[in-house]
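Residue-level listing of the chains:
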Amino acid sequence: GIQVEQSPPDLILQEGANSTLRCNFSDSVNNLQWFHQNPWGQLINLFYIPSGTKQNGRLSATTVATERYSLLYISSSQTTDSGVYFCAVGAGTYKYIFGTGTRLKVLA
Amino acid sequence: GAVVSQHPSRVICKSGTSVKIECRSLDFQATTMFWYRQFPKQSLMLMATSNEGSKATYEQGVEKDKFLINHASLTLSTLTVTSAHPEDSSFYICSARVRTGGLTEAFFGQGTRLTVV
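Protein chains in written order, with the working numbering: chain A, 1 to 108; chain B, 1001 to 1117.
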């Protein structure tokens, strides 16, 4: 099955800093999403991005499907950005395989 | 975006009892829903795919007799943890996909934190 690795596993930032989170996957995919899991466990949809680049406010994402990776950029980080970021990929079916996650803590 | 509602958000039960978790799609119909489990500080692992009107498909290693899934309507899937034991304590999350303009985006419920004592 597809393996999905995220890096870094943990990240501590000072408020206002920028960061890049990476998602590598081992095989071709036709679905990819980024999620933010808040402290209560809720998964918040950030981007549906099987390919290309998207931006939403301080967040942007890029997926290079041919090279099997996706990047999530967070600019001017805020304490509310803290939590765990997951990428999830799917190939040929509607079920997702989740990455290992990046645990982000933004300090005030 | 689409709304997936899960209930209850938190449940504590005694060992040996059964617990039912509901997952509803509020503003769309879902012929397929997915159930995930997440242990503390770990990623989400797919347990099963719930299909409306037919049997669920379980991932390898998931006991179908322990985790009963029923998808009786286009807006409701239920997961019943039967004869729960402390090792079943976990965070359970359901998901449904919404097709919009060629995209099939997944939306997740709020999750259910199950504690078996």
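Calculated from the structure, these hints are not laboratory results. Among the hints, a few may not be true.
Stated by the list, open to error - Result set (PhoX-like, lysine-lysine): computed pairs, CA atoms no more than 20 Å apart in a straight line: (1) B:K1055 x B:K1041; (2) B:K1055 x B:K1020; (3) A:K95 x B:K1014; (4) B:K1041 x B:K1014; (5) B:K1066 x B:K1020; (6) A:K95 x B:K1064; (7) B:K1014 x B:K1066; (8) A:K105 x B:K1066.
These numbers were taken from a predicted model, which means no experiment stands behind them.
To see whether the hints hold, each was checked on the structure:
no.: 1; hint: B:K1055 x B:K1041; verdict: violated (31 Å)
no.: 2; hint: B:K1055 x B:K1020; verdict: holds (17 Å)
no.: 3; hint: A:K95 x B:K1014; verdict: violated (32 Å)
no.: 4; hint: B:K1041 x B:K1014; verdict: violated (24 Å)
no.: 5; hint: B:K1066 x B:K1020; verdict: holds (12 Å)
no.: 6; hint: A:K95 x B:K1064; verdict: holds (18 Å)
no.: 7; hint: B:K1014 x B:K1066; verdict: holds (16 Å)
no.: 8; hint: A:K105 x B:K1066; verdict: violated (37 Å)
In summary, the numbered hints that this structure violates are 1, 3, 4 and 8.
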